[in-house]
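Engineer: Whole structure, please, built from the sequences with the hints as guidance.
One line per chain: the protein sequences are A and B, in this order. Read left to right, the first sequence gives residues 1 to 175 (UniProt numbering). Read left to right, the second sequence gives residues 1 to 215 (UniProt numbering).
The reader is advised that the hints may include incorrect statements.
Unchecked claim - Calculated from the model, a selection of chain B residues having no Cβ within reach of chain A, i.e. all distances over 10 Å:
(1) H84
(2) P119
(3) L173
To be verified - Cut-off 25 Å, straight-line C-alpha distance, at most; resulting in silico cross-link-like pairs (BS3-like, lysine-lysine):
(4) A:K132 / B:K138
(5) A:K17 / A:K99
(6) A:K31 / A:K162
(7) B:K178 / A:K165
(8) A:K132 / B:K153
(9) A:K165 / B:K138
(10) B:K138 / B:K153
(11) B:K153 / A:K162
(12) B:K138 / A:K162
I should point out that these hints are in silico values taken from the structure, not numbers from a laboratory. Predicted model only: the values in this text are computed from it and were never measured. For each residue, glycine too, the CB sits at the ideal point set by N, CA and C.
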Amino acid sequence: MSTTDVELLKTASRNEKAAPEILQFQAQLVKRAREQIQLMEDTMEEFEQSGMDPLTVSLYQMDLDRAQFLLRSYLRIRLQKLLCIDDIEKHLEETVLSKLPDNYQSARRQSIISEEDDMVPEPQLDTFVACKSSNTFVSLRLVDSERPLEMERHDASFVLYKVIKENIGVDIDLV
Amino acid sequence: MAGQSDPHISLFSPEEIEFMAEDELVEIVPNMRMDPLNFISGDFGPFFPQIPANVPLWLAMALKKRGKCTIRPPQWMSIENLTHVLEGEREDQGAFQAVPFHYIEISRLLFDHARDDIPDIYMVRSLIEDIRDVRLHKVETNLEKFSATSAVKIAHLSAMEVNVVRPFVVRALQAFYKHDNPVVMSDSDSVTDRQPQTRQPQVPRNAQRQPLKRR
Numbered sequence: 001m002s003t004t005d006v007e008l009l010k011t012a013s014r015n016e017k018a019a020p021e022i023l024q025f026q027a028q029l030v031k032r033a034r035e036q037i038q039l040m041e042d043t044m045e046e047f048e049q050s051g052m053d054p055l056t057v058s059l060y061q062m063d064l065d066r067a068q069f070l071l072r073s074y075l076r077i078r079l080q081k082l083l084c085i086d087d088i089e090k091h092l093e094e095t096v097l098s099k100l101p102d103n104y105q106s107a108r109r110q111s112i113i114s115e116e117d118d119m120v121p122e123p124q125l126d127t128f129v130a131c132k133s134s135n136t137f138v139s140l141r142l143v144d145s146e147r148p149l150e151m152e153r154h155d156a157s158f159v160l161y162k163v164i165k166e167n168i169g170v171d172i173d174l175v
Numbered sequence: 001m002a003g004q005s006d007p008h009i010s011l012f013s014p015e016e017i018e019f020m021a022e023d024e025l026v027e028i029v030p031n032m033r034m035d036p037l038n039f040i041s042g043d044f045g046p047f048f049p050q051i052p053a054n055v056p057l058w059l060a061m062a063l064k065k066r067g068k069c070t071i072r073p074p075q076w077m078s079i080e081n082l083t084h085v086l087e088g089e090r091e092d093q094g095a096f097q098a099v100p101f102h103y104i105e106i107s108r109l110l111f112d113h114a115r116d117d118i119p120d121i122y123m124v125r126s127l128i129e130d131i132r133d134v135r136l137h138k139v140e141t142n143l144e145k146f147s148a149t150s151a152v153k154i155a156h157l158s159a160m161e162v163n164v165v166r167p168f169v170v171r172a173l174q175a176f177y178k179h180d181n182p183v184v185m186s187d188s189d190s191v192t193d194r195q196p197q198t199r200q201p202q203v204p205r206n207a208q209r210q211p212l213k214r215r
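Structural biologist: And the structure:
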């Protein structure tokens, strides 16, 4: 049984919410979800006009509402993460940076001679997250020289985010 | 990062967890006929009177509410099985019994919306509450046994339980991790060692800072 886009959206929302940094944008998924939702919205009008019984119409509406909620959740969480960075920058600009000499006004770099964004605070990546394997079995290499962590489907694991970062959306989901 | 600052609040609200649980399949027995439903979330039906069908919980409740079906409580919710699980939980203090990931949410939704479909509901409810209590207590007790480690695996922990214990487990793991890795955390050591409960300040840790010229 293939995974529906609604399930994928649910997983994407959950991963995004539980991750300490912003994850890769699921552009294709969002595009498809938008299209399906739009299609269903158009179809709903036809349903109502065709005299479909109210019960069935209301059930379709519920399904539509749930899909919309998931899509919005996903986008909202990402927006919150992005705004957080944005807010910090704006605040710095207004309070301090504008008053510094010209070469030091960037929020992201100490001065114009900096080679990279050396003032951007890194999100707390050294944090622990709860996760489950999305396949039957996953073997994780841990940071120290301990033996690998083996996760079965029913296992909930609390792991250092760094360790499973690359696995998110592949064989591990955050819960 | 937004939403990550206070580790003491549960990451997911009970409503959010319930929403996620509502996609779990449950068996209904319709009392009417209905054409297939081609939802965005999947295809269900067609439905025939007295012929059991599997549908997501949210759909089951919507149909039940309108008197269109009865809901069959899942196998695992039988008194016999729940008693067996409770006994297992009590006997084995080091491990959890296998329960559905959303057992708490599913049972609560069924209690609220389909009580007449659950035989001996008081007994069932009482058993589930006991199971919840024993399990929660077990996590709390075992938390203290963490040694320095970078991962904790708990077999058969449920969704609600993960959400509830998350703040405690994360805090315990972080405390041990910091203790074990003073070099990695050198930039923020002096600040974070104060109290583990306070919010972690975000400190620039990039190593390649240009030293500012003396004037």
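Engineer: Of the numbered hints stated earlier in the document, which are not met by this structure?
Structural biologist: 3, 5, 6, 9 and 12
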